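Asker: Chains as they are written, first to last, in the numbering used here: chain S, 1 to 401; chain Z, 1 to 407.
If you're looking for bench data, these hints aren't it; they were derived computationally from the structure.
Incorrect hints may have been included.
Said to hold, decoys possible - With a Cα cut of at most 25 Å, we get these calculated SDA-like pairs of lysine to any residue:
(1) Z:Lys194 - S:Lys283
(2) S:Lys283 - Z:Tyr101
(3) Z:Lys92 - S:Phe154
(4) Z:Lys92 - S:Pro43
(5) S:Lys208 - Z:Ile97
(6) S:Lys208 - Z:Tyr101
(7) Z:Lys92 - S:Lys283
(8) Z:Lys194 - S:Met34
(9) Z:Lys92 - S:Val55
Here the structure is a predicted model, which is why all the values come from computation and not from measurement.
Residues per chain are reported as follows:
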Amino acid sequence: MDQERTATVTEPKESAVLPDGSKEFVVDVHTEDMELNMGPQHPATHGVMRILLRVDGELVTGAQPHLGYLHRCAEKIGENVEWLQYLPYTDRYDYLAAMNNNLGYSMAVEKLLGIEIPRRAEMLRIICAELNRIGSHLIAFGTYGLDLGAFTPFLYTFREREWMMSLFEKICGARLTYSYIRIGGVFNDTPPGWLGEVSRFCDTFLVKWQEYYDLVVENQIFIGRTADVGVIPREMAMDFGLTGPMLRGSGIDFDLRRDMPYSLYGEVDKAGALNIPVARGEKGSLGDCWDRVWVRTMEMKESIEIVRWCLDNIEAGPVIGELPKTLRVPAGEAYVGIENPRGELGHYVVSDGGKVAVRCRVRGPSFCNLPVLEEIMLGTLLADSVAIIGSTDVVVGETDR
Amino acid sequence: MSLSTLALPLSLLTDPALKLAESETPEVAEAAAEMGELTSGTNLINELLMLAPIPDFVPGWAIPLTAIMIGVAIVMGVVSLNAMAGTWLERKVSGHIQCRYGPMRAGWHGFLQPLADGIKLMLKEDMIPIGSDRVLFVMAPALVLASVLGALAVMPLSPDFFFADAPMGLFLILALTSTTTIGVIMAGWASNSKWSVYGAMREAAQVVAYEVPLGISLLVPLIVAGTFSLTEVSEMQSGMFGIGGWLIFKNPFMFPALILFFIAVLAESKRAPFDLPESESELVSGFLTEYSGIRWSFFFMEEYAAMFLYCVVTAFFFLGGFNSPLTWLFEDGGLLPNVILWNVAAFFTIVVKGYIGLFVMMWVRWTLPRLRIDQVMTMGYKYLTPISLVCVLGAGIWEWGKAALLG
Chain S
1 MDQERTATVT EPKESAVLPD GSKEFVVDVH TEDMELNMGP QHPATHGVMR ILLRVDGELV
61 TGAQPHLGYL HRCAEKIGEN VEWLQYLPYT DRYDYLAAMN NNLGYSMAVE KLLGIEIPRR
121 AEMLRIICAE LNRIGSHLIA FGTYGLDLGA FTPFLYTFRE REWMMSLFEK ICGARLTYSY
181 IRIGGVFNDT PPGWLGEVSR FCDTFLVKWQ EYYDLVVENQ IFIGRTADVG VIPREMAMDF
241 GLTGPMLRGS GIDFDLRRDM PYSLYGEVDK AGALNIPVAR GEKGSLGDCW DRVWVRTMEM
301 KESIEIVRWC LDNIEAGPVI GELPKTLRVP AGEAYVGIEN PRGELGHYVV SDGGKVAVRC
361 RVRGPSFCNL PVLEEIMLGT LLADSVAIIG STDVVVGETD R
Chain Z
1 MSLSTLALPL SLLTDPALKL AESETPEVAE AAAEMGELTS GTNLINELLM LAPIPDFVPG
61 WAIPLTAIMI GVAIVMGVVS LNAMAGTWLE RKVSGHIQCR YGPMRAGWHG FLQPLADGIK
121 LMLKEDMIPI GSDRVLFVMA PALVLASVLG ALAVMPLSPD FFFADAPMGL FLILALTSTT
181 TIGVIMAGWA SNSKWSVYGA MREAAQVVAY EVPLGISLLV PLIVAGTFSL TEVSEMQSGM
241 FGIGGWLIFK NPFMFPALIL FFIAVLAESK RAPFDLPESE SELVSGFLTE YSGIRWSFFF
301 MEEYAAMFLY CVVTAFFFLG GFNSPLTWLF EDGGLLPNVI LWNVAAFFTI VVKGYIGLFV
361 MMWVRWTLPR LRIDQVMTMG YKYLTPISLV CVLGAGIWEW GKAALLG
């Protein structure tokens, strides 16, 4: 605690001679910037992130994210447990999008195994991943409202997320850490009537979606708080290697689902159900907080379309391939990047042909999107810095792993 | 609290026409005269006390003093009851806006929840952070509550029952409620926390910015009514069905003035979207960060009392004061003239009007995001102040024209 703030007074310098002959001196009083610890227990840091701010009054003159408060050695655990046993740990890094994490890890291991995934399993994977993307974006959207002082949208989005979670509970028994998508397919076939309920969810969600859009995204105060705040120009977005909504919020049309298609996304794209929203800088300059929020909001709608396509095209069949009891993965290495709600989630696995991975590396999108904070938080107001942190949609479980 | 000292000077400000009723013993009347004129409210209590058998050893001055003390207790009771009702209403309103019920377990629809909260707050450990300025830290909540208590003493509870019918009643309310800012700044400084200082500084900046449009927009009804006294302004608004005489219908500039006043009130009472001093997501809790237990609840009581008071002022100077169809029924020359029922109806009218205002404040709070500090300042200085000045000018011209044309 730097309790004693010092004020330094510069040497008086003669600046002007007044008409009556007296001299006018100018003295600058310079106060030192204050260091302000935002977090790890701050309500706006989405978990236990700590940001060391340098502030001059309300003005932020420096920001430095400090990580590691939620480090759980996930990658090291991956080198010590068997291939299948590691799957539940993937749930824990981005706990808001556990299905996507399962998918990424499973696909990396499947790439080494070189096995065929049943078509119904691929469909169910896409449905679950997209539903989970909606759930994750709902949290991002709701907590962003919370950051800006609007408490109500948060509870509205939790209402829809609750339905999404109960859908997942029906299919795999868990509400947050699913481990549903497994190596070789998915854990179980759907319970009877589940796909119909998903369809009903899609219908209801679109109505609610319009409400959120009108209540929050088009709200004048909301636009005033987010437009032209935390602008990431196109070049900066590419320099920092941003991915996901952060990148598309800066107007760069890049999405792994379409540009490096995995699973059945290539077919979805061919059928015309994959329309990636890209920010156009409608309310302010391109790449501001409003654009990022807008991209997430539109992505929810787009995910519904993908889920609808899957519901229309899903066929009966097996949901998991034949796998031995003890999985021995052929020697080699594989990298698979998938489009997580927050950006590119990469899994790099190395096997020496044994029961345990030699290396299990994770490229977390929140972690890789974080360094840009330092750049865009400079010169903003304290309230803006909260809005900027919220717009990066950081999940600390995944930055720290 | 400090009201016992405040009540005496306040009573000196009162209308000299309200004399102490003929007391049974000249000694009591003399004592009361020495203490200053008793106001309507304390006078009534005094008379009621007179009816009770008083033993001989009780000195004469004790009875008016007791009456004053009871008056103080009533004002304090209003503050705490209002805080209880306000918190309950806030929780229920927010709950229903957010598709949930709010408190349901303690009493009917959680009606006893504020009581449970109060007990919890009183039993909590009294924390004073290390390195804080203890004297200021302890004094701040008391000062905050005292100023709003003083302001509430000016509010008449019914046309014939009030504690201080000051001729400059509105002026007193504005002056006293503004002093809560000093308490907030004291709290922020004394807490030895950077977040608290932020909250205090924001409060100071915000109150300075919004005091101006608040006062200026109130000039419009003052031009129309021509009085600062709350009872007088209420008297002059009686009319057809108790609605026809409302000040808001008397001048076309009253409606914009009402909107401006309400926005300024939101900012003055630190309510969303102007809740920057305690903005939870930015400043943890602003100036309240280090407070807990009963001290924290003092700030809360002040917030709700100030909100209620501002809503009552809105009702008095814009929306008819005590006049409603109900009071129109019982008023002198109405369908069922009855003084007691009239007073009771007036009390309920003003409470209902106040709580309707409170409801609108809550509705706004649970709908809108928060503004940024520079936007708050811009709005106060660049928009609200000039617009309110235009309103005052327009209202003045209108009144002058009306007087010139209609004689």
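Asker: Would you mind marking each hint as holding or not holding in the structure?
Answerer: Status of the hints after comparison with the structure:
no. : hint                : in the structure
1   : Z:Lys194 - S:Lys283 : violated (34 Å)
2   : S:Lys283 - Z:Tyr101 : violated (36 Å)
3   : Z:Lys92 - S:Phe154  : holds (17 Å)
4   : Z:Lys92 - S:Pro43   : holds (24 Å)
5   : S:Lys208 - Z:Ile97  : holds (15 Å)
6   : S:Lys208 - Z:Tyr101 : holds (20 Å)
7   : Z:Lys92 - S:Lys283  : violated (35 Å)
8   : Z:Lys194 - S:Met34  : holds (9 Å)
9   : Z:Lys92 - S:Val55   : violated (39 Å)
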